[in-house]
Amino acid sequence: MRFTKMLCILAVLAWASFHLLAPPVQAQGSAAPDTSGVKIDGEYGPFLPTDISEHGYKIDRVIDIVHVFMAVLFVGWGAFFVYCLVRFRQKPGHQADPHEVKAKVSKWSEIGVAVFEAVLLIGFSMPLWAEVRAEIPADDDPNALHVKVLGEQFAWNFRYAGPDGIFGRSAAKFVKDGTNPMGLDRSDPHGDDDIVSGEFHIPTGKPIVVQLTSKDVIHSFSVPVLRIKQDTIPGMRIPISFTAKKSGVGTYEVACAQLCGNNHYSMRALMYVQSQNDFDAWLIEAGKPPEEFDEDDLD
Amino acid sequence: MSSDHDHEMGFLRKYVFSTDHKVIGIWYALTGLFFLFFGFCLMMIMRWQLAFPLEKVPVIGGLLGSTLANDGVLLPEGYNALGAMHGTIMIFLGVVPIVVGGFGNYVMPLQIGAPDMAFPKLNMFSYWAYFIGGVVMLASFFVPGGPANSGWTSYPPLSNIATTGQTWWLFGMVALITSSLLGSINFIVTIVQLRAEGLTMFRLPFFVWAQFVTAFLLLLAFPPLEAASILQLMDRLAGSSFFMPEGLVVSGEQSAYTGGGNPILWQHLFWFLAHPEVYVLILPGLGMVAEVLANNTRKPLWGYRTMVYALVFLGFMSFIVWAHHMFITGMGVTISAFFATTTMIISVPSVVILTAMIITLYRASIRFTVPMLFVLGFLPMFAIGGLTGLPLGLPAADIPLHDTYYVIAHFHYVVAPGTIFAIFAGLYYWFPKVTGRMMNSGLGKIHFFGSFIGMNIVFGPMFFVGLAGVSRRLFDQTGYAWGDAVQNWTIASSYGAWFLGLAQIPFIINFFMSIRGGAKASDNPWDATTLEWHAPSPPPHGNFATVPVVYRGPYDYSTPGAAADFSPQHAAGTES
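One line per chain: the protein sequences are A and B, in this order.
Note that the working numbering has the first sequence beginning at 1, numbered continuously upward.
Note that the working numbering has the second sequence beginning at 1, numbered continuously upward.
The set of hints was computed from the structure by calculation and includes no laboratory data.
Predicted, not measured: the structure shown is a model, and the values here were computed from it.
All the pointers check out, no bait thrown in.
DEER-style ranges, computed between Cβ atoms:
| hint | chain 1 | residue 1 | chain 2 | residue 2 | range |
| --- | --- | --- | --- | --- | --- |
| 1 | A | Gly45 | B | Phe338 | 34 to 40 Å |
| 2 | B | Gly145 | A | Lys173 | 25 to 31 Å |
| 3 | B | Gly145 | A | Asp177 | 18 to 24 Å |
| 4 | B | Tyr309 | A | Tyr83 | 24 to 30 Å |
| 5 | B | Phe338 | A | Pro46 | 30 to 36 Å |
| 6 | A | Arg89 | B | Ala563 | 21 to 27 Å |
Cβ coordinates follow ideal geometry from the N, Cα and C atoms, glycine included.
Given these sequences and hints, build the entire structure.
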């Protein structure tokens, strides 16, 4: 066919021009931060990544069911569609039949779709959302680990309560770049042992409560391997909770999922999922006072 | 408005500052097509950076200037600016003006047998308000710091502290919203008041119904965004803090805003517009698809009345689903249950309309004309776009998918191979009415197959990139392990985008060559039934030589016993 031929020519032209435009094969410079020293664990590819959370499999299950449902509908529609295109193409001496097709199939398929969606929504999504959103351990729950997370352009700050288990006061007016990114109030004794880190360390097998907020614009705390994502909104303190599986020990990435400015793409933190013992050891190590202490920050 | 009036008007009054709905419609469509192409070019530059991070942009790299690029290499702020402007331009300056301002303006009055819109001068003002909005948006590329770069959603506080381009964006939006508001009133009044004798509401072509519902969406959804835009302007220019909480520390500096505002308020106001806006993008497209479908299947639309009811219900429901864009803002259990439920409900009328369209093919006599090819491409693509909205509408499933490429793939399947295919179907279908000449069908077929393949190469891989966990609006995804793992899929997407660009060349050639060089078309080249084909091609000022009277429904095709396989609405005889 003539059109097919022209299409082929177009395709060849396209292919040729890509090769003219494409850069020569060489090491590609990347704008991303240098992480060559840190190996990221987990398997990544064109489907959902590794899941190391206790709740994640339920989310994955909903996604799987919905996609099977979508595939069934699409294939059903598609088969009928292709059949019609072949069977009812215009031929000499053939006329369309204008009489309304009495199609019970469509009515039943629509009812089926509605019922299935209701089941997905009421049976799967709502209870799961309630579990993720509402069943959050209280602030004084000793069985949970509480972490305060503060987003800023373009970094994540993580704060742990330290040995006394109580967070010191903090406020925006105390924020000082470099020395006090989370605005700790140095006059509060509870804050003395607080640990502020640019790395996210969590133990496995223990409920973690993350209190999220932001000091400047909206960010979104996204950890794909934990199946969590939550906007951090300045002026609001939003808790989320999750538990990492015992088998999930490793090094992973925390990302920002909401456009937050020029370097949004590199607002990345490393997440160390550790056994309880390793985590405790890290806490002690990180809690040691820094060697140079700035007297000015005391008041 | 007699036709001899034409000769008294000067060139400017007749072709530029015209109040004729057809001239205004053509201006809308041409301006919209220009912006569609422009927005597409912005995207092709972005696709380069995504596929080959930090490589010099070929050919046009030098034109990007020093605010967006550094020696031809796109900067992150340049990428964000192109992203924000791509979204804004495609939606507010491209698709909506074409489907509503262009096709709505040109075709709707003809289809209802009216001589013009109800308020011709208001119509002209709508166009010029749109034009000013477009000029402001284009001019913002040249202000210090470049154009708006906080996404087309412009979430504060980021947008409040952004460079000057954001102020220009807001002024542009105010002009564009004003244009749409005035247009919507005009559409509603015209459809209610100016229908030809005998043209009852249930004899209206589906396209007119789609425009009618769309006009109500524009009328009711746009005012909150106009208000919100002005509030954001106040935040930026007058030091108010509607969207700014207290105690912000930006780049180590205490914020000057007094606080007391809430950034979430903007999101509610914005999405209260922007969700109905999604239906503004798709409903007129569905209308065009319905026209071409009935004409080329040579039979009435299956379940016309049901489709109209579904359309009205869809329009109504689109006002109470907006917060499904905000599940991840920290939404509670009850409120998310409400919005997830309305979201599932709104999928039902969409399924009804799509099913009705596919059943229309049954026992048809399908003509594979170029407009019909685009419609046949539209149906499965729109189905993919619609279906992939389901996991996003379920809050739990939304957690890993929210703000990833999965979302981008989902709504682009609705709008790009969806609405834009409908636009192409409409262009090929009504081109002979507007110009009196046919477009070349050989070039049209190359255009269709090229676009169909291109669209799927661009957007198909994005579903997988999104499942992998790659966020939207990343300047470079390779810094993350999950992004690096699917970089090849992103590169494939980019090749698809450039291929899609090439596939538009036959269309551009065809479009301009056919205006003067196309084969001459009769008044009714497609053997269609609706009233616009009763007018001469091109229709004169005032449209119809005699006021048409309507005797039958819109799609009286293949009636047994009729002389031809179509019975025009204006033809007397057995009523249906």
